[in-house]
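Heads up, the final residue of the sequence shown is numbered 818 in numbering that gives the first Met the number 0, and it's a clean run with no missing numbers.
A portion of the hints provided could be inaccurate.
What follows is a list of derived Cβ distance ranges for each label pair [claimed, not checked]:
no. : residue 1 : residue 2 : range
1   : 368       : 134       : 49 to 59 Å
2   : 261       : 744       : 45 to 55 Å
3   : 261       : 728       : 28 to 38 Å
4   : 364       : 809       : 23 to 33 Å
5   : 359       : 725       : 41 to 51 Å
6   : 744       : 451       : 55 to 65 Å
7   : 758       : 604       : 40 to 50 Å
8   : 604       : 203       : 50 to 60 Å
9   : 574       : 95        : 45 to 55 Å
Subject to a maximum C-alpha distance of 27 Å in a straight line, what follows is the list of computed BS3-like cross-link-like pairs (lysine-lysine) [claimed, not checked]:
no. : residue 1 : residue 2
10  : 447       : 400
11  : 484       : 166
12  : 494       : 484
13  : 484       : 131
14  : 166       : 131
15  : 400       : 166
16  : 494       : 447
17  : 166       : 447
18  : 400       : 131
The set of hints was computed from the structure by calculation and includes no laboratory data.
Even for Gly, the Cβ is constructed at its ideal location relative to N, Cα and C.
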Amino acid sequence: MPEHTPDPSRAEALSPAEAVTLLHALRDRLVDDAAGAFSEQMQAVRADLAQLAARARDSSRRQLYESGHALLANGGLRLLRHFRGSFCRACEQAIAQLTGNDRDTWEEEHELSLVDANAFERDLAIARLSAKAGYACSQQLTALDRRVAALLGRQRLESDRDPFSVKLLFTAFADGAEASWAGGQLSLILLETFEHYTSDRLPDIYRSLNTYLVEQGVLPKLPVEVDAREHELDRPHRGDSSDSSGSSGSSGSSETIDDVFTQLTSGLLGERAQRGHRRGDRGAHQGAHQGADQGEGSAGGAGASSDAPPDGAMAPMVLSQLIDGLTGLQRGRSSAATSLGIDPTAVDTRSSDLLRSLGASPLLRYLQPNDAATVELVAMLFDCMFSDGELPNQLQEEIGKLQVPILKAALLNKAFFSDQGHPARRLLDVIAAGARGWSGEEQEALLKRIRAAIDNVLASFDDDTAVLNTEVEQIEAVLRAADQKARSQVGELVKRLEQRDRKVVAQTLVADQIDRCRDGQTLPPPVAAFIDEHWRELLGRIYIRYGDASDDWRDALATLEALIWSVQPKHTPEERNRLMHMLPSLLEKLPAWLARLGRADAWQPFLRDLMPLHMAAVRQPEAAAAASPDAADAAAPDGQTQTASTDAHAPPAAERTSAAAADATSPDSEDLPWLMDAGADVEPDSTLVSAPAVDAIQAGQDGDPAAARDADADAGTTSAQAAVDQYLEAARQVAVGDWLEVQQLGSPNLSLRASWISRRSGIMLFADRRGRNARVLSAERLAQALRQGSARLLSRDPLTDRAVARLLLSAAPAETSSA
Numbered sequence: 000m001p002e003h004t005p006d007p008s009r010a011e012a013l014s015p016a017e018a019v020t021l022l023h024a025l026r027d028r029l030v031d032d033a034a035g036a037f038s039e040q041m042q043a044v045r046a047d048l049a050q051l052a053a054r055a056r057d058s059s060r061r062q063l064y065e066s067g068h069a070l071l072a073n074g075g076l077r078l079l080r081h082f083r084g085s086f087c088r089a090c091e092q093a094i095a096q097l098t099g100n101d102r103d104t105w106e107e108e109h110e111l112s113l114v115d116a117n118a119f120e121r122d123l124a125i126a127r128l129s130a131k132a133g134y135a136c137s138q139q140l141t142a143l144d145r146r147v148a149a150l151l152g153r154q155r156l157e158s159d160r161d162p163f164s165v166k167l168l169f170t171a172f173a174d175g176a177e178a179s180w181a182g183g184q185l186s187l188i189l190l191e192t193f194e195h196y197t198s199d200r201l202p203d204i205y206r207s208l209n210t211y212l213v214e215q216g217v218l219p220k221l222p223v224e225v226d227a228r229e230h231e232l233d234r235p236h237r238g239d240s241s242d243s244s245g246s247s248g249s250s251g252s253s254e255t256i257d258d259v260f261t262q263l264t265s266g267l268l269g270e271r272a273q274r275g276h277r278r279g280d281r282g283a284h285q286g287a288h289q290g291a292d293q294g295e296g297s298a299g300g301a302g303a304s305s306d307a308p309p310d311g312a313m314a315p316m317v318l319s320q321l322i323d324g325l326t327g328l329q330r331g332r333s334s335a336a337t338s339l340g341i342d343p344t345a346v347d348t349r350s351s352d353l354l355r356s357l358g359a360s361p362l363l364r365y366l367q368p369n370d371a372a373t374v375e376l377v378a379m380l381f382d383c384m385f386s387d388g389e390l391p392n393q394l395q396e397e398i399g400k401l402q403v404p405i406l407k408a409a410l411l412n413k414a415f416f417s418d419q420g421h422p423a424r425r426l427l428d429v430i431a432a433g434a435r436g437w438s439g440e441e442q443e444a445l446l447k448r449i450r451a452a453i454d455n456v457l458a459s460f461d462d463d464t465a466v467l468n469t470e471v472e473q474i475e476a477v478l479r480a481a482d483q484k485a486r487s488q489v490g491e492l493v494k495r496l497e498q499r500d501r502k503v504v505a506q507t508l509v510a511d512q513i514d515r516c517r518d519g520q521t522l523p524p525p526v527a528a529f530i531d532e533h534w535r536e537l538l539g540r541i542y543i544r545y546g547d548a549s550d551d552w553r554d555a556l557a558t559l560e561a562l563i564w565s566v567q568p569k570h571t572p573e574e575r576n577r578l579m580h581m582l583p584s585l586l587e588k589l590p591a592w593l594a595r596l597g598r599a600d601a602w603q604p605f606l607r608d609l610m611p612l613h614m615a616a617v618r619q620p621e622a623a624a625a626a627s628p629d630a631a632d633a634a635a636p637d638g639q640t641q642t643a644s645t646d647a648h649a650p651p652a653a654e655r656t657s658a659a660a661a662d663a664t665s666p667d668s669e670d671l672p673w674l675m676d677a678g679a680d681v682e683p684d685s686t687l688v689s690a691p692a693v694d695a696i697q698a699g700q701d702g703d704p705a706a707a708r709d710a711d712a713d714a715g716t717t718s719a720q721a722a723v724d725q726y727l728e729a730a731r732q733v734a735v736g737d738w739l740e741v742q743q744l745g746s747p748n749l750s751l752r753a754s755w756i757s758r759r760s761g762i763m764l765f766a767d768r769r770g771r772n773a774r775v776l777s778a779e780r781l782a783q784a785l786r787q788g789s790a791r792l793l794s795r796d797p798l799t800d801r802a803v804a805r806l807l808l809s810a811a812p813a814e815t816s817s818a
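Model the full assembly from the supplied sequences, consistent with the hints where possible.
Pasting the structure below:
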């Protein structure tokens, strides 16, 4: 939908004090309504905690539930009071930051340090629950953000600065729980109950906030609910090759095709041949007597038993008749079922009984052996798929409806068994894989689309596989749209994880870059001190926020190189001319960077030291050496330093630098917002993450070797243990796009996809098909979950690949035994 622009008619007419008054009214309405919604469900919450305590097997877990029940029973109102106070303070601070009434948040020295593991787990839980709850009211939140931005004279609000965000609300509740003497674990349990019992009410609460602002004349033309814009994002899907025609596989690697089909049929037909030889003499003897008794024209007197080979000339005609009968059967014609000798009403589509019944049809006696074997192989293939532990139960019946079309496709083209891009196999695979990672109404919508695709195939498929390709492409389009939303949903989380990942190596990398820029050159003490005190930290923050491929990183390094070169002695006229041309830009960039760092007041003292150094650099080397700060210190009396005259140089430089400093007196949060929040902690959550595993990842496995060894020791994992631990090895082999199934007590299992993996620490981010239910795991923690059986990695191979592989395994013993 078209993007709305703020209507300044009312918002700009408000004074700053009136705007803040409206913001405070929103604050009070939000927290009071949320607290009231939870208070109404307090009795149900206590009942849930009591049931959880009764069912808990672990004594420590049972004590947590009992403590939560007691806290709500005896101090529920106190918790809500703490919740309200925490939210009001946090909201007030966020409003102050947005209105420019807060100090530089980079003044804290501990910003770049790694957070405590318990705090990290808490942040993860808050992020996961708030993202889950926020998704249901995303439209109302988008509209509210626009209106609040209009009140503040902005176009947009950054998500991490929204004073009315769900995350801020949930963080305040967790703070209120801890202030009510609930420990860290209990506060997270209470937060989960808060999310569960308020999530249905939050859309109405945020809708009421929008309605209130509309009544106050703030953007009245903007709808109360606005669709958030999506970021376009494509994910490649299997089967996008240009060769998707019905003849796929007919050309190309025919040796591979023949190889696979031969392996699948050799054991099956070889066993039949052996059975036929054992029964051949007895069958022929009985047939001769029957022929003499019944006469030459008897129907059974063709002399062939059920195992007798058919007349080869009849096989093509019989195959065509079988294909026609299958087409009628898939479209529900009872006459077709009768001609094939099948009772379709007695067939369960969740099993291969339908294909087994076809195997007993008289028509199969007159087919070529390979065609008859194909019927049985397809039945076995569906047996393998129905018994596949990764195929959801709700899909078994739907896939079972495709037994007849799949059999037709295999009879028409034996490449079905070996060509992974065959349209029939792609349809089965996309249905099975596409069902991963959905839940609730979205899962039902996908199942509805799958049923529509299957119905269309049953009604339209004759012998042209184009209809199969069409349905595959439409289902893949649905999955691509979901992937776009998922990538957008986890984009900010991935960004923060990457920032956290870069924190581990930032100090070492920045030191290396500074050494490269210095290149062994001697620096005057004022310049060396300036680099150590300011530029080292500036580079670290830029790297953490944007990485070393950003324009800011390159510009900051170039400015550093220019500064270092500018104070070196200039031996030639060309060097002196270059310095004269460089100085205006350098003397603008240095104070501008300091101002954006929030340290504009450091510029004037440094400028007083820098100007004599520039004057000395353009003199002859002997004069430069005599005018160096070290020489001046040696020649001057104690406590005094030599100061060169800069009358000709100072005025223009002072004018330029004072103007630059005036333009950047305070940090520009609009221009460079990362300066305000680069120290923010990562926000994903996982009920599976543990403190030792997180600390091991944070310790910097790609940085200092000693730190990496300490991290391994803290996590309790030795190299010898890792070498023999198959679960740890499996966890380390996880790649982006792999799926993880996580068990949930009392709820359906979650299927989560690996959306991002750290190249340095190996930390993995998992999320569902829509980018929600995020889990952040280290390899060690994932290995522990795999070992305990609380999670399992799903196969990378498509459903039909797994089924064909099982068929090949079943064929190999038959060949060996017959030999």
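Could one say that the CB atoms of residue 758 and residue 604 fall in the range 40 to 50 Å?
Because 41 Å falls inside the window, the suggested range holds.
Sort out whether residue 400 lies within 27 Å of residue 447, counting only the CA atoms.
Holds. Residue 447 to residue 400 sits at ~14 Å (cutoff 27 Å).
Distance restraint evaluation - residue 359, residue 725, Cβ atoms, bounds 41 to 51 Å:
holds, 45 Å
Has the given pair, residue 494 with residue 484, been kept, meaning a C-alpha gap of at most 27 Å?
Distance ~16 Å between residue 494 and residue 484 Cα, so the pair holds.
Can you confirm whether the C-alpha distance between residue 484 and residue 166 stays at or below 27 Å?
Cα-Cα ~20 Å, so holds.
Okay, residue 368 versus residue 134 on CB: inside 49 to 59 Å?
Since the Cβ atoms of residue 368 and residue 134 sit about 57 Å apart, the hinted range of 49 to 59 Å holds.
Below or equal to 27 Å on CA atoms is what counts here, so check residue 166 against residue 131.
Status holds; Cα separation ~10 Å.
Measure nothing beyond the straight line between the CA atoms of residue 400 and residue 166; if it is 27 Å or shorter, mark the hint as holding.
violated, 45 Å
Does the hinted range 50 to 60 Å hold for residue 604 and residue 203 at CB?
holds, 57 Å
Hinted pair residue 484 and residue 131, Cα distance within 27 Å
holds, 14 Å
Taking the Cβ atom of residue 261 and the Cβ atom of residue 728, is their distance within the range 28 to 38 Å?
For residue 728 against residue 261, whose Cβ atoms are near 35 Å apart, the range 28 to 38 Å holds.
Does the alpha-carbon distance linking residue 494 and residue 447 stay inside the 27 Å limit?
With a Cα-Cα distance of about 35 Å, the restraint between residue 494 and residue 447 is violated, given a limit of 27 Å.
Checked against the numbered hints above, the structure breaks hints 6, 15, 16, 17, 18 and satisfies the rest.
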